[in-house]
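Note that the protein sequences, when read in sequence, are chains A and B. With my numbering, the residue at position 1 of the first sequence is 22, and numbering never jumps. With my numbering, the residue at position 51 of the second sequence is 790, and numbering never jumps.
Be aware that one or more of the hints could be misleading.
What the hints assert, rightly or not - Here are the computed lysine to aspartate or glutamate pairs in the EDC-like style, where the Cα-Cα straight-line distance is at most 20 Å: (1) B:Lys-741 to A:Asp-66; (2) B:Lys-766 to B:Asp-778; (3) A:Lys-154 to B:Asp-772; (4) A:Lys-154 to A:Asp-94; (5) B:Lys-810 to A:Asp-94; (6) B:Lys-741 to B:Glu-809; (7) B:Lys-766 to A:Asp-94; (8) B:Lys-766 to A:Glu-90; (9) B:Lys-741 to B:Asp-808; (10) B:Lys-801 to B:Glu-815; (11) A:Lys-156 to B:Asp-772; (12) A:Lys-154 to B:Asp-778.
Hints listed in this document are in silico derivations from the structure and should not be mistaken for laboratory results.
If you want the building blocks of each chain, they are given just below.
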Amino acid sequence: MTSWLLPLLGGLLIGSAATLFLWLNGRVAGISNIVGGLWSSGTGDRAWRWFFILGLLAGGVTLAAFHPEAFGDSPSSLAVLVLAGFLVGLGARVGNGCTSGHGVCGLSRRSLRSLVATLVFMAAAMATVYLAKHKLAVLSAGITSLGAMLSLCGADAWTGQGWA
Amino acid sequence: MKQISALFCGWLFAVGLGIAGMTKPSKIIGFLDVAGAWDPSLMFVMGGAVSLGLFSFAWVLKRRAPVLDEKFVLAEKAAIDSELLAGAALFGIGWGLSGYCPGPALVSLVTGNGSVIAFVAAMLAGLGVGQWWVGNKR
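Chain B with its partners taken away, still in its complex shape (with noise of 0.2 Å):
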């Protein structure tokens, strides 16, 4: 059943992306482009998810445990250190220079584009170095 639901999770999440408009790097330029010709819709996009999920989340988090499962597997940590300061920066910029975040670039795979694809390879190294790093400190 958790196979099943994650299934499901994931077809919606990558649905309301592709009509969010998140799947179009064009756009999401066009979003950052604060000096240029700014499109500022795609704030609807974390506007809704968040309007939503700041009611619905404290909802779900009263129960004891999830459906389907035994407990609630959330990050704990709330100390604002370098990690999270120079991680979310190099994001930002690669963000910034494709117009792709992780969710999108792998719902965008479907399109068989070389430079999806490519990008996409190179997240993936780039997720493996950071858990190299990441790992090796602790």
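Chain A with its partners taken away, still in its complex shape (with noise of 0.2 Å):
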């Protein structure tokens, strides 16, 4: 199988998926607007994001069942991916959509907006991972040996010897 056929498929159907949802319900299909929405005091109508929502873990039942090589761990530390959720949660907020719903939904409707959006999120992405990848171990030097350096200080401050 080439490697590019799944991700095309799964793009037909995730476009489908799109298009239906706008077809039928009228909204656009972007995860982070449905999800934040429920936060959102005074929208009446919100059964229809719980069954979204429903609908995506029965997608994930689903792709368990049939497709269980489709999940795979975060190669990041617990504490990376907790300061990444919050990031990505509020980013979304703030930038009202995430990669359905500018990088899908707002695309497909022509949106300049979305497509601002679209290229600064997978540059900062491209970005984060390049520095990460590629520069942490530069980085992570610099932190140990300043961290080491400060931890001498302290010691010595602390012991009151390196003052004396």
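Since each chain sits alone in its own frame, please combine them into the complex, following the hints.
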């Protein structure tokens, strides 16, 4: 199987789901806005949001049963994942969209706003991976040596020996 | 009916994400790693979705209203403002750090993996803080 066939098929299914949702429900299938709308007060009709999320989970169950290799762990540590999750949620709410809302639906609507958002988050994500993967050795060596120096000074200050 | 169609669309969306490879954080990071062993195959995900959407959305939006509701609910804002840029940048940093964006993270909850649960909990907190921040400004 060529490496681009499944991504293309998956992309067409995602596009079909977004089209169907716009055609039937008249709404944009932007995941962060569907979930984030649960936090906003005053939107009376939120049952459909829960049903969409339930559908996502049902899709997960289907994948686990028939295509379990779809899932994989993140290489990042728990602390980094928590920070990342917070940034993803905050950024999606403030920027009013994520990969699905801006990247799929917004581009499909030919929205310039969504095109700019998509280019910005792709660039930021690529820069982050570049720094984390290729510069982290330098960065962490720097932090470790800085930490060692600080702890040495700290220990000295604590015992008073360094300052005598 | 609106609930049932939301359920089905969510299901189809999730299956599409899984088949596309979007629920594999290491694959996402490989796609974002343009300076390393770059895996460009995920370009076909957005490419496939958008090349369909460019035609299908225009066709759907010719209607006066959706099938199951009275009107279309679409973002009407056109301004490219600092909130859009800052939000997208923060989102991108989080996406790059983890390899998860909101949809795939929610779908991956079914694995029961603690790190995904922690990511989603933090994401919900971030959405809540963002909502509070955006709401306070208006």
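*Can you name, in rising order, the numbers of the hints this structure does not satisfy?*
Those not satisfied come down to hint 5.
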